[in-house]
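Participant: In case you want the letters, here they are:
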Amino acid sequence: MMQKDIKRLSLYLLFAPFAMWITLLIILPHLGMFYISMREKVAPRVYEFGFDNYINFFNEPIYWNTLLRTGSMSLLVTVLALLLGFPIAYYIAKIAGNRTRGALFLMCLIPLWVSDLIRAFGWILLLRETGIISSSLQWAGLINTPIEFLYNDATVIVGLVYTVILFMIVPLVSTLDGMDDAMIEAGYNLGGNGPTVLRRIIIPYAMPGIVSGCIVVFMLTAGSYLTPILLGGKNSSWFTEQIYDQFITRYNWESGAAFGFVLLAFTSLVIWIGLKLSGQTLNSTVARS
Amino acid sequence: MAIKPNAAFLTGYQLYIVVFFVFLAAPLVAAGMFAFNDSLFPSLPWRGFTLDWFFNDTEPKLGMFHDRRLLRGLYYSFVIASFVSLLSVFVGTCNAFLFVRCKFPAKDFFYIMMVLPLVIPGVILGISILLLASNIANSAEEAFSLDLGFLRPGIILVVLGQFSFITTITSLVIIARLKKFDESMEEAAYNLGASRVRVLRTITLPFLFPAMAAAGIVAFLVSFENFNTTLFLVGSEAPLTITMYDRMVKVGSTPVLNAVSFFLMVGSALLALVSVLVQRDKPQT
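Going down the list, the sequences are from chains A and B.
The number in this note's numbering is simply the position in the first sequence, starting from 1, with 63 added.
The number in this note's numbering is simply the position in the second sequence, starting from 1, with 50 added.
Keep in mind the hints are simulated off the structure, nothing from the lab.
Positions of the beta carbon are idealized from the N, C-alpha and C atoms, including for glycine.
Some hints here could point you the wrong way.
Stated by the list, open to error - 30 Å max Cα-Cα, derived DSSO-like pairs, lysine-lysine: (1) A:K157 / B:K229; (2) B:K300 / A:K67; (3) A:K297 / B:K229.
Claimed, not checked - Partial list, derived from the structure: chain B residues whose beta carbon lies under 8 Å from chain A: (4) Y63; (5) L78; (6) V141; (7) I174; (8) I179; (9) L314.
Using the sequences and the accompanying hints, generate a full structural model.
Facilitator: Okay, structure coming up:
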């Protein structure tokens, strides 16, 4: 009996910090945000409840166009990160020798510990009109006038892929690492060629890692702020910029909250669809890494 | 090793790996190297090596160690990151014991709740906490004319905002380690007559310590470099990333920002190295 009481007590004691963290910092703020997004200021200190803020969002093409743009560019970044990152992860997990493997993996992680801001700053120094690439090309005689590489969509995408690709590589390496080489050998012995083995054996095995990487990368991209703004300039039209604008510039917290909720709903929907399509769950993917 | 491709393919593959790592390193090298260029602008041509951007004490080449605002930002970042790291390791350890050792209803559901903060965009976490805190503060002021200053944008809100998602990271790291623990070690200690507290202190916690230290370092670094969540919660005590961003937008890029970048890169690299060494200290069984 005594033993049981102690167990129960320690369960409560351990549950308390968890419950406080999730309730006070995650659930209540989001409920509050939803509540605020549902009201509209009609006069000082007088509010009306309804879906007006959301209706405004859908009536203004600029807003939902920005959301769609952010969403489609984020998907593109996710796909690019997967295509570029998969060979790297495969090399680290399966081809590199034991020594190089650790070194390569560590090298992959180094940019992870450097702030977004510094990475974007580095890209600016490389790509702007007076930047390293432009002046090197001039010096080499390939171009006559300086070229501005910044402030276009391609640069934003390159910058975003750069920022997030590590979050794709890390889960991929850890899933591929757990794969038995014998499975690949067996595929070859049964007469499969390279592409078949990749499609029928390696990719299905790596699926949890692929999905986990894609989820994290998509969320980070859609929610990113610095990279699109600094590399895309004022015309980057990224959705987080709209949210910031509503909050800080226009001081319209009600509609900013609605925008935040739209972004949250949109990204959750995309992830939900992704999980359904790949037959995975949040527990089998993100939680493992 | 597994696939035996032909030589041309392998060479191409290795070339791709090299190109990729050049791509990874390029912006970091660019950000770091102009810290040492003796020029007022972070761009080519190279005008010779200097340490002025770190140590010089006069305008126009005010070095980072004499720039009051940057130093203040560094100090606030350090304070915030320390609190976040301590708090999130504490709650993360509790969570690890909760999810690895305890049985309770709807455990899977709560586990998903624990992972969730990691997939909520940082901007959203920031604004939702800002909204709730401001609303509580406003209501308290109207109803009881109480001034709850700590709920206004400032250091405490920044700590809470960062803590809200960093705790997920620390929990996952510590859970992974606790799962590897062999519970028969604890049973052996109980059989030898040790008390619960003693077993926890002398056996379980020492086993967990490498993971706790690594989680703490990761939390510290993530907090130090966080921008998205912090942006909405920051008051007058701006941490370093915010100060740097302000400087970049208002003054434009100057080599002192390169000096700060270099300093931060070296600092994080050293900390990351420590976290790797701590975890490698005792080979896992």
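Participant: For every hint, state whether the structure bears it out.
Facilitator: Checked hints:
For a cut-off of 30 Å, the pair hint linking K157 of chain A to K229 of chain B stands: about 26 Å separates their Cα positions. Annotation: proposed proximity of K300 of chain B to K67 of chain A is violated, straight-line Cα distance about 62 Å (limit 30 Å). Taken as a hint, the K297 of chain A and K229 of chain B pair is broken in the structure, with Cα atoms around 48 Å apart against an allowance of 30 Å. Interface restraint check: Y63 of chain B against chain A, minimum CB-CB distance 7 Å, threshold 8 Å, status holds.
Taking 8 Å as the C-beta cut-off, the interface hint given for L78 of chain B holds, the closest approach to chain A being about 6 Å. With a cut of 8 Å, the hint placing V141 of chain B at the interface with chain A holds, because the nearest CB-to-CB distance is about 5 Å. About 5 Å separates the beta-carbon of I174 of chain B from the nearest beta-carbon of chain A, less than 8 Å, and the hint is met. Proximity of I179 of chain B to chain A holds as hinted, the smallest CB-CB distance being about 5 Å (cut-off 8 Å).
Checking L314 of chain B against chain A by beta carbon gives a least distance of about 6 Å; that is within 8 Å, so the hint holds.
Of the numbered hints stated above, those contradicted by the structure are hints 2 and 3, listed in ascending order.
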